[in-house]
Every structure is written in structure tokens, then in C-alpha cells.
Amino acid sequence: MLAARGISRRFGGVQALDGVSLDIRAGDVRCLAGENGCGKSTLIKILSGVEVPDAGEIEIGGTTRSRMNPADALRAGIQVIYQDFSLFPNLTVAENIALAPLIANRRKLVDPRRLRARAAAVVAELGVRLDLDATVEELTVADRQLTAICRALAEEARVLFMDEPTTALTQREVRALFRVVETLRERGVATVFVSHKLDEVLEISRHVTVMRNGAVVASGRVEEFDRNSLGRAMTGRDVRDQRDAPPFDETARPVLRVEGLGLDGAFEDVSFDVAPGEILGITGLLGSGRSEIAEALFGVTPAQRGRVEVGGAQVAIRGIDDAVAAGIGYVPSDRLTEGLFLEQSIADNVVAGSLDLHRSRSGLLDRARLARTIDTFFAALRIKAPSVAAPIRSLSGGNQQRVVLAKWLARAPRVLVLNSPTVGVDVGSKEEILDILRREAGTGTGVIVVSDDIPELVSVCHRVLVVRRGRIHEVIDGERVTEDSILEGLSS
Amino acid sequence: ACGSGTVGQSGPPGGDRNLAPEDMRFVNVVKLVGVGWFDRMEQGVQEFAAGTGIDATQTGADDASPEKQVKVIQDLIAQRPTAIGVVPNSPEALEATLERARDQGILVVTHEASNQENVDADVEAFDNRAYGAQIVEGLASCMGGSGQYAAFVGNLTAETHMEWVEGGLEHARANHPGMQRVVDPIESKEDESVAYERAKELLATYPDLKGFQGSAGTDVAGIARAVQEAGLTDQVCVMGTSIPSVARKYLEDGSIDKIFFWDPAQAGKAMMTIAQRLASGEPVEQGTNLGIPGYESLTVSPTNPKAFYGDAAIEVDRSNIDAYPF
Amino acid sequence: MNTGRKNAAWVNRLRGRNNEGVLALTILVVVALMTVVNPDFFTVSTLFSILRNSLVETVFALGVLIVIVSGGIDVSFPVIGIFAGYTTIVIAQSGGFDPGVLGALLIAVVIGSLLGLVNGGLIARFGLPTLIVTLGTQGIFRGVLLAYIGSRYIAELPAGIAQLSTTDLFVVQQGQVAARLHVFVVPVVLLCLAVHWLLQRTVFGRGVYALGGDAESARRAGFPVVRLQLAIYALVGLLAGIAGIMHVTLSRNANPYELAGTELDIIAAVVLGGASILGGRGSVLGTVLGVVLIAVIKNSLILMGVPGTWQRAAVGVLLVAGVSIQALGARRKAAGRRAVELEEARA
Amino acid sequence: MTMTGLDATTRRVVGVLQERRSLSRLLALALAVLIGFSVLSPGVFSSVINFQTIAFTVPEIGLLSLAIMVAMLTGGIDLSIVSIANLTALTTATLFVAAGGAEATGGHAVLLTVLFVAAGLLVALLAGLFNGFLVAVVGVTPILATLGTMQLYNGIAVAWTGGEALYGMPDAFLAIGINTVALIPISFVTFVLVAVALAVLLDRSPLGTKLRLVGANPTAARFSGIRNRRVLLTTYVVTGLLAGIAGVLIASRAASASPDYGASYLLLAIVVAVLGGTNPYGGFGTVLGVVLAAVTLEMVSSGFNIMRLSPFEYTIAQGLILVAVMVLDAVHRRRRGRAAPPPRPEDPAPSGVVKEEMREPG
Ligand SMILES: Nc1ncnc2c1ncn2[C@@H]1O[C@H](COP(=O)(O)OP(=O)(O)OP(=O)(O)O)[C@@H](O)[C@H]1O
Ligand SMILES: Nc1ncnc2c1ncn2[C@@H]1O[C@H](COP(=O)(O)OP(=O)(O)OP(=O)(O)O)[C@@H](O)[C@H]1O
Ligand SMILES: [Mg+2]
Ligand SMILES: [Mg+2]
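Order-wise, the sequence lines are chains F, U, X and C.
All residue numbers for the first sequence refer to the working numbering, where the first residue is 33 and numbers rise by one.
All residue numbers for the second sequence refer to the working numbering, where the first residue is 1321 and numbers rise by one.
All residue numbers for the third sequence refer to the working numbering, where the first residue is 79 and numbers rise by one.
All residue numbers for the fourth sequence refer to the working numbering, where the first residue is 130 and numbers rise by one.
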């Protein structure tokens, strides 16, 4: 139905794809797995006409071509949920969903009522809740992802590519999506699914293709793989996956103490301590208030009530500046918007938060020290890039996230708050990032991980707070931190 | 230095070059090139060149900004012409540049800049205040010697325009006590549409307004449009500086009553002729006859011994418009 | 709680997607203030006069709106306008024929579109930054106009146009002064409606918004981005051509030195009208209000009795105040939206 | 290349590559212009006096272009620079007139000059601060804020002087604009010193990097603990000061101050800034590039004047240069072929990255 033959693509010094071949048959659900930067997205972009390959052929519906453009691909029935969504932030959800088909059908006029009706039908079919008249930029990341999914389903597709479609979704929405995939499969639509969540991969797909460094290294029926073998195929080594929360001094004075924190409409009466070296997890369903707590601690949307003590001294967090001054660092969940300067270099991104700490006595930047800092973190965090001068835009997700981490580690914060730190990060990188957190905690930093990735919480956290409806519902600690107990806390 | 009101007695600056006409090069730098007024001036310069055999040309910038004119003159300095004529956009902004030109032995003759310091001579078509008085006298006779009038200038920073307007106001105060100027001079930004808008606003604000004095060439045209549209062609007098090509249509339909100007061709010729006299060591002084209509007997300015006035103002109304084809 | 939310939504609706409401309110406040200072301000004649002063700017602003919404910027449009307007007159004169109103319009539109296509071609073909291209072409166009087509003031327009110059839609006699509404308000209103329809109801128009929202996404969604950009800049040129011939007609002469230099004012009016300089946002209504606000500010100072030497400063003060009110209003709106969002998250 | 030998701030960004390329292209252009005109008009273009002329004219436009560049680094623009320059000049001139400064000589004159220039620059600083206030605190889009203040500052200048130009500065002051040291105009020396200082500020101080980061992504800057408001305020103070220094040079060269000087500089300064490789949408730009661009355009303009070409032809040439440089760049980029296309300055950030001033509580 759609096939790639020997596709290669080079970006500057990076061989993103190196002779990749792939066959997609009607009714197949094929998973593309691989570490960050192994070329999954690039392959999808080439098959959907967004990127042009250096070499190789694309076979579609019996004809062979060396390149395509997006319109060709759309007309051939190829739909894509892009990793970065590729939505129009300034248009409404309805338009984002139903506009593209009009172009493919070469229509000239837009009838807003029909357009909205079409979008409504798609949203209903998927069984999700979306405000059709909201502009996409007002949406949460999860709703944006849903919008991107709906758009791909608006047209009858023959091949549907989903590049990490579930990163921001809740269980319930993931279920709904899987049901749709199943229906499409029955109708003969082929789906190519990319995800770093191995459980999902094993659950939804029929076939698995594993890529590494731009080449296919394993391919087969899903039954031939399990978590471990899949991880090994992707990374070339065994991926450790068990709980490892290094010990810390529980009696030490807390580095962070939060008492009675409250913000109208978001959370209420939130109190907890974090000891130096402790890794505290905060979890909850989407909309439970977990993210808002993190944002309040960093002063993005400050709390209205309650007190915060850092290192024993009370601090009033009225804005980001207060939080930074108090020694709090924050790794946001939306790293593209809030974490990174995409066009700027790795070097600039790493030091963006600590420029003032790198002054020499003259008040100018101490360039030697600055270079040392950059190189130290570039090496210590094992950021994969040709040089520190490379723009962030050219890095893979896992590496981008390491840069955001480096930015805060360079300030040596007393408390580091991370919001969904491993979203879209491959299993290998994820384990390395968690290791970085363990090491950082080892230096006496208090670490707070806000996440809904339960295995991840189990892996690193000493203690997990479960938030429901804006309140701390349960505190799970010590040996009780298991996937089951957290799931129970979330759903009970 | 020369309180006597004579320039050029000491011979040309930069040593006794005593050049033959064909070895001389004169360049006239105008406010901006391409517009009717300065095209007409260029004709004068060309006539001068043809008559004397001197290589005389005209140049300027593409808009009337002082900084561009400075640049044009500075670039000329590198070419060392014998003399430059300058019609400054902003006399004060040119002082240092003109000084540099003179330091390089270049003769400098200006026009429309009676207070310019770093010049060898300045020639004016007339005394600006007297000219302003002449315009307001015309307005007075049209308005019957009394009533409200308003005055426009191209820019509040344009010194000559301000002198015409103030000279006119003094004349009215002294001779026509019944005449009142209603507001400070209004700025048209040398833009006809602005003059039009302002005139409309003035007519709305001062229902008894009976006269307008324009200064920029397009002022009277804009004012005339406003007056005509308000149906007040016969009730309101419009006069001021302009050129026939701009004003012709309104003079013919009566919405402009009279325009005043001087012939730029003659002025350009006068500048070049003075430059030539200075270059060949002939003096210019009170009473000098340049042999150009309007410049047959120069008057020394009472305030600046290097500035000379002609008597070249021209009044044009419907009856004699056809004599001025520019 | 619920009513609070409804109120917030209602207030947001009133403000409009692009803050048009705040702008309208600002205009009302300014007009009210002026009327208090000088009761004579509030007359039909003032109204007509402000409308007339906004005609040409509005047409230019429509073009600027389209290009700004598409995420680009064009600073060459006034030069294109006067190029088209002046050249049309030169053609008529040298050809010794009277093209009539429609003929003149046609010539101007063709010239404007062609020049716009030059911009579009450079931008779309080579993927160049729009500001830089149009800065370059405005110099080229202006130079070509003045050097090779003409630099003289032309006082006599072809008869058809000359007649249109003084054609009014209607005239209201007010004491000594007659208030006239020029017939051009009709085509300008039609143009506004047409551009509104184009932007809101056609795939092309939504493509302009999509392009301004995210160019790469637009490409991925199958929009023919290159053709879209060509069309956008040609359209800006076309509108500039119309504005240029209108300007010549209204001023009853053709002066090639005019218009150049007004680009920043018009861009500012469009941005004031709620269009985002970063693209993707803006409306015809907002644009018209932006143009009108600036016209009100600039054309009422004599009526206000502001002395000549203070007029420029007064325009500055009013402009700064106007844009500040608008900015504060936009900020409130963002804050309001966040409150609603939080509540919904909890609900 | 050793990692440690690399210096963080100099090798920032692609940038690095891209900027170097645009710099070398500009340099090639400058040399071509220099050689071209020297051949076409031997003895005149390449004369000392002509280079001196160019050195006299570059500082004013160069400083104003640098001001535009600084504003563009943050993704903004400052349209009020020419008004600020004139306001500065008028302040200094007014003080000289009031103090009867024209007659001052020797040490007294020097003292007055220092004092009054400082006062002028203070006015420039305040004007810049007000721009910064509008942009950073009130949240007005820079193009709107500075369009308003451009009119406002110019209006204040007109009201203050009644439109007349002011004279009466002592020779000690005029020396700045007129005198030369070893054939090099003092104003050019001043310009070079200011440019070097600015380069140090932008490349070596924390502020420089912050400025670019705020321009690149204001939201991420806030989330990195950068105080956007303070950075923006400083930005517009710096542009104001640069404009102020330009104003001092203008006044000392023209021996006078007027509210209407330099109107044509505004668009030209924008042209020079973008020709010098500044990205109008923020994040990229170098002092060296802008200086090179200013010198190049001034040379072209001189060459055209000397060749007796009409100013209209120069306008055309200026536009052609701008477009040609950009087109060459684009073609070159394509020919490099398969390499990743450097992000177009215009490409809005990928979806999700909404370039919007970040929500700032309180
Ligand atoms: N436009 C680009 N310019 C330069 N390099 C690029 C570009 N796009 C991708 N790359 C590089 O190509 C390689 C493959 O990237 P790709 O996005 O396909 O990875 P991926 O497998 O999708 O990773 P992830 O799981 O993080 O999404 C990476 O090294 C990336 O840095
Ligand atoms: N002009 C339009 N504006 C908005 N939406 C449209 C428009 N035309 C079609 N659509 C929507 O796009 C969807 C797919 O288009 P398609 O051409 O298959 O529909 P259709 O029902 O066959 O239309 P038609 O009867 O006009 O041919 C339709 O469900 C419709 O809701
Ligand atoms: Mg990917
Ligand atoms: Mg159909």
C-alpha cells in the first residue's frame, strides 16, 4: 500500500536516515520504535511529503516516486499526527480539524457552519470533549494533541501516521484513541504508531519496527517482543527498570516546606516537606491541580494563600524572580514554549538561567568559566550533538530535555521542580535523566517530580503525593511506593 | 569682515587660480531634484553654462532632507569644483560642511539663506519681510482691509516661510489694524493634502475667516480646494507663494486670487553669475548689475554684508498667468 | 460563580477577538473629550471630514492587514500606490487620451498588482524575509518612478478623474460651511466588506491566517504556500494601486513625492487595530477602527484650539495614550481568559 | 577544535555559521564597492579627502543603525531614535545658549561641553526609559509605542523651539563634529569607540545574551529567571543613548540643533541594520555587521555622487543591493544542498510555541 525503499536523509553532519525500507500493508498497525533522534519522525515526514529524501524511493498505490509534496500525500490518503502537532495556534479547533480537507478537495469557499458540523462529527466519533470555538493557543497541551488527532481523522485516510500521539493524554483518552485505531484497522486503514511508552507499543501494534541511528535494526510481529527485548533492540543494551531511590538523611531539616498553599480554582490546603536529597513525586489526573502546584512554587501563577520556606527561611513567591532568588529551579512540561530557545545554541540555552552567576569582577561575563560550565554539563549530561554551537532545534527530544535540565543544574538550585520531565523521551534517555535526578538529589538538592508516568515515579521517588480535585488525597511513601498503590490512589 | 557690503575684492579664495571659463566647474546644489521649481532653476543654470562656456550643472538629493544635502555637498568637496551654489534645506545644518568646502578653496554662493555664515556671497530674490508684506498687502486689498486671516508655512522650521509670514503680520499690524491673524502659523508639512485638511478645520473653527496666506508652493492649492468645496470661493481670499503650474487651475476658476513668487531660472542664473564674478576677481557690491531681470541693482542686506537682494518678486493672477510657463 | 463566568465571556465577546471593542471605546472616549472641550467638534462636517481623511489610508490598511495576518510585513505599499497612481496619469497624458475612471482604475490596478508580484516573487521564490525584500523594492520602485517615469507635479488630471475629484455622495449645508461626503466612501466600504469576506469565508483567506499562525503547519496541511504568498503580495499591490489612484483623484493632482514615508503610520494603525505584528491575527473591523482613531487624533487639533507649535506634541500624546489604553485592554483580556480557564479546569 | 577552547558567547548559535557567512559576504561587497569605484573614478573616490568625507558621514547613520539593531535583537524596533537624537541636540544647544557658551574658550568651554553633553544624554536616557516603560511595563507593541513617542519627542522639540534652529555652541563642542586627529574625524573615532563598547556589552556582558534570549523567546526567558521587563527597559535606554550620541554628533557637525534634522535617517537605519544581518524578529545581529553595512552604503552613495549619477539611481542601487545580497544568500543556502535549511527568520516557531509576552503575574 505504502512502501519506503532505501530512504536516506542527511542533516548537516547528522545522517538521520540511512537506507531505511519499510512496508505498510492495509489493516496493519505498525509500531516504529527507537531512541530519540533515531530518525522516526524524519521517516514519517518523508513519507508524508514534508521532507525530501536524499536517496531512495517511495512506492504508493503502485506508483514509485523519489519525492512527494504534502498535497500529493494528502490526496493519496496519507494523514499524519505530527509530533509537534503542526496546528494553527491562531485558528479555532473546528478550523484546525476541518480546514485541511477543503484544500485537498480544492474548494474555494468556506462555509463556517458546515465546517463546524464536520469538526463536531469527528470529535463526537472519537468521543472526546473539545471546545470547537476555542483557539488552539488557548488549549492545554492535551487538548492540542486531541485536536491534532481529530484533524487526522477528519478525512478518510488510507495510511495514518501517529508520531507520539499519546504523550499528553490521560488513560481514558488513550483508550478512546486505541478504540479508533482498532475500528480503522477493521476498515483496512493502516496505522503507523510511534511511542516511547513501551506498554502502549506492545498493546496496540501488530508489527514492530525498531530503528537505531537511522537504520532499521529489528522488525517482526509484536509477539516476538517484550519490554526488555524491545528496550534492548532500541538502545543496544539492557535497560534497567526497577526502583532505585538512593537513601537520604530523613532527619535533616527540610530544604522546602510548604504549608496550606491555596489558589482559587486550582488547589487548596497543600502542605508537604522535602528533605535535602529527597525525591518527591506529585501525581494526579489531568486537571487535578498537580501542574498548578508546581507552577505556584515557581511563581508562574503564584498561590494566594499559605507559606513556603526554603532552607528554613520563609519566602514570599509572588513571581518567578522570587522563586529563582530563593533557589528554586523549574523544568516546565512544555519545553518547546517555556523551556528552550529553539534557534539559539546549546551553549546559550545551558547558561540562560545562570548568566549572572558567571560574572567576573568587572561585571562582564567570565568567558572561561562560562565555557567550563557549558562543557561540563554538555559532557556530564551526555548531550548528543555535533557541538555546543548547534541550535537546539536540531536536537532530539531527549537531548533537548537534558539541555533544560542543564540550565537549572548550572544554577545549583536548592529545590528543583520538574513537570513531566520525561514526556517524549526514549527509554534509554529516560533512565539517564532519572539517573541525573538521583545524582542531583545526592548533592543535597530537594527534587520534586510532577508526573503521571507511574513507572517513572516508582523508579525514582522516595515519596509520592496523590492530588485529587486540588487537594492532597494520599501520601505514599517508602516501600509502599508501587505502581499498584499509586494507581489505586488515583482511581479510588 | 567686510563691513562695506562688498565681496570678492580680494580675488578668489584658494590662491590666484585665474582660470579660463572652460576650466571652471560650477555645481548648483538644490533642495531636491526633479520638481518643477528646481527644474526651472536648472534651465537657468544651463542657460548660464551655454552663455559663458563654463561647465555648470545642477544636482541635489531625492528628497528635501538636510542630511542628504549635506552628504551631496560633502561628496562634491572631493571633486573640488570651482564653485558651488547651494539652496539649503536647512542653512544651519550646512554651516560646517560649507566651511569645509571653503577650506578646500571652493567658492560658495547661496540662495534662500540670508543668514548663512560660511559663504562667499548670498543672493536673495528680495527682502523676505518686504515680500511677506507684499503678499499681505495683496490680501488686504482683496479682503477690503479688514477681517480674519490665517497663515500657513511648509514647516515651522522653515526660516524663510516664517519670515514671510511674520513680515506679513507686521505689515498688517502697522497698516491694516482691522486685519487679524487668527492662529499661529499652521504647518502644512509641504503637503497639499495637509494644507487642505487644515484649511477645512480652520473654516469650521473660524466661520468669519476671510483670507489665507500660503507659503509652501502647494499650500494655496490645498487651501483653494477646501475653500471651493465649502462654496466660499467668492467670500474668502487665497494668496501666497506658489508656482504657476501648481496654481494655474485654481487661479483660473478663481479659488486662488493671486500668487507670488520669483523666477527660479533667474535666481539660478544670478547665483552662477555671482560665482563667476567672484572666481574672476570682480567684486559684488551695493548696486551691482548682474544683467538678469530682477537683479539689475543689488541691495546689501542691513544685517549681513555678504547677502544681496534683488527685486525679483512676481505677482501673478488670472490675467497674466500665461506669461509663466513653468 | 456561573454568572461570573458568563459575565467574563460576555465582556470578552464585547472586546472582540482582536480587541475591537476596546478600540471602539477608546474612540468614543476621545470624541467625547473633544466634544467637551469644543462642542462644535461634534458635527456632520467633522464626521465627513474624518471619514474623507481616512479613505485612502483605509484602502492601504486593508492591504497591510492581509500581509500582516499572513505573518509578513510590507513597507513598499505607499510607493507602489503612488507609482500606480502617478504612472496612470502619465500614461493618460502621454497617450493623449482620457481613460475614464474605470480605465484609470484598471491601469492602476494592473501596475500595482505587477509591482506586488515582484515582492511576492522574491519572497516566495527565495524564501526571503519580507521586511528586507520590501525595504529593498520600495527603494527600487521609488527610484524607477522618479528617474524614469517622472518627478514632476502634474496639476491637470484627465477629465474623467478630474470630475470624480469633486463628486460628492451628498452634501449637508451647515451655516457657512458645506459638509461633503465624497463618493469614494462607497467603493471603500465595498472594499472593506470584500476583504472581510475574502479573509473569513474563503479557503484563501483562512490560508492567510493559517500561514501567519504557523507557516510550516500550513505547508504540511497542504496549503500551496508559494502561490499563497504570491497572491498575498499581488493583492497588497492591487489594493495599493487602488489607493494610489484614489489619492491622486482626491488630491486633484499627481505628485510622485507624496505617500512615500506614510508606511509606518499605516502599519501602526493596523497594529493598533488589533493585528498582531507576528502574524495570524487581525480583522477588517479592527483595522478600520485603528485608522479612524488615528484620523480623529490627527485631524481635530485646530478644532481643539491647540496652538500650531504644540500640534505635533499633542498628536504624540494622544497616540501614546491611545496605544497604551489598547495595550492595557488587551492585557486585561488575557487575564480574564486565564481566570475562565482555571474555573473550567476545576469544573 | 577543543571543547574548552571554544568560547560560549562567541560561538553562540548557528548563528555562528550564518552570521560569519553574512559578515564575509558583506566584507566582500564592501571591497567590491571600494575597488569598483576606485577604478571607475580614479583619484577622486580613492582620495584621502573622500575617505575623510565618508568617515564624516558614517557615524551618524552608523549609530542610529546600531540603535535599531539593539532594539531588533529583542524582537522590537525603535522608531523614535531620530526624535531622541534631535531632542538631545536641542538640550545641549539650549544649555549653551543659556550659558552664553559660544564665547566660552579653553578649559571653561571644555567643562561646559562635558556638562551639557552629559545633560543632553540624560534627556536621551529618559526618553529611552519612557519607551522602555511603554514596551516593558504597559505592554505596548514596540512599533506602536515608539511611533507614538517619535511624534511626541519631535512635538516637544518643535514646541520648545517654536521650530527654529538653535545656534551658539563653542568651538570646543563643534570640534567633535568638525576636527580630525591624524586625518581621522573625531566623530568617527567616537563612533568606533561606541561601537566597541556596544560590542562588549552585547558579547561579553550578561545583558547582551539576555537581550538576545528575550528576543528569541520571551516566555522561555521568563521561565529561565530572566527579568524581561528589566532587560527591555535597559534595551530602550541603550537605544536612546545611542540615538543621543548620534544627536551630539549631528549638532556638533551642523553647529546647530533643529527638530527637523535627520528624518530620512530612520528608514535608512532600518535598511542598514537588516543589511548588516540583524534579524528583525529578534535573537540575531552583530555590531560588526551593522558597521560594515553602514560603511558600505555610504561608500556606494559617495561613489554615485562622484559619478554624477542621479540620487534616484542611488535609491535604486540601494534597494538592489539589499535584495541581491539576500537572494545570493538564499541561492547559496540552496546550493549547499541537502544541508538543513537554517530556520527562516520568518518561520513562526513550531505550533505550540506561541510567541507571546508571557503571562506575568501582578
Ligand atoms: N531540520 C533538521 N535540521 C537538522 N537536524 C535535524 C532536523 N530534523 C531532524 N534532525 C536530526 O535528525 C535526527 C533524527 O531526528 P528525528 O526527529 O527523526 O528523530 P526521532 O526518532 O523522531 O526522535 P524523537 O523520538 O526524539 O522524536 C536527529 O539527530 C535530529 O537531530
Ligand atoms: N464550503 C465548505 N465549507 C466548510 N465545510 C465544507 C465545505 N464543503 C464541504 N465541507 C465539509 O467537508 C466535508 C467533506 O466534503 P465533501 O465534499 O466530501 O462533502 P459533501 O457532503 O460531499 O459536499 P457537497 O455536497 O458540497 O459536495 C463535508 O462533510 C462538509 O461538512
Ligand atoms: Mg520524533
Ligand atoms: Mg461531494
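Read the hints as simulated data drawn from the structure, not as lab findings.
Just so you know, not all the hints are guaranteed correct.
[What the hints assert, rightly or not] Straight-line alpha carbon distances no greater than 27 Å define the calculated DSS-like cross-link-like pairs of lysine-lysine that follow:
no., chain 1, residue 1, chain 2, residue 2
1, U, K1569, U, K1530
2, X, K376, U, K1509
3, U, K1509, U, K1569
4, F, K416, F, K229
5, U, K1530, X, K376
6, U, K1530, U, K1509
Here the structure is a predicted model, which means the values were calculated and not measured.
* List, from low to high, the hint numbers that the structure doesn't satisfy. => none
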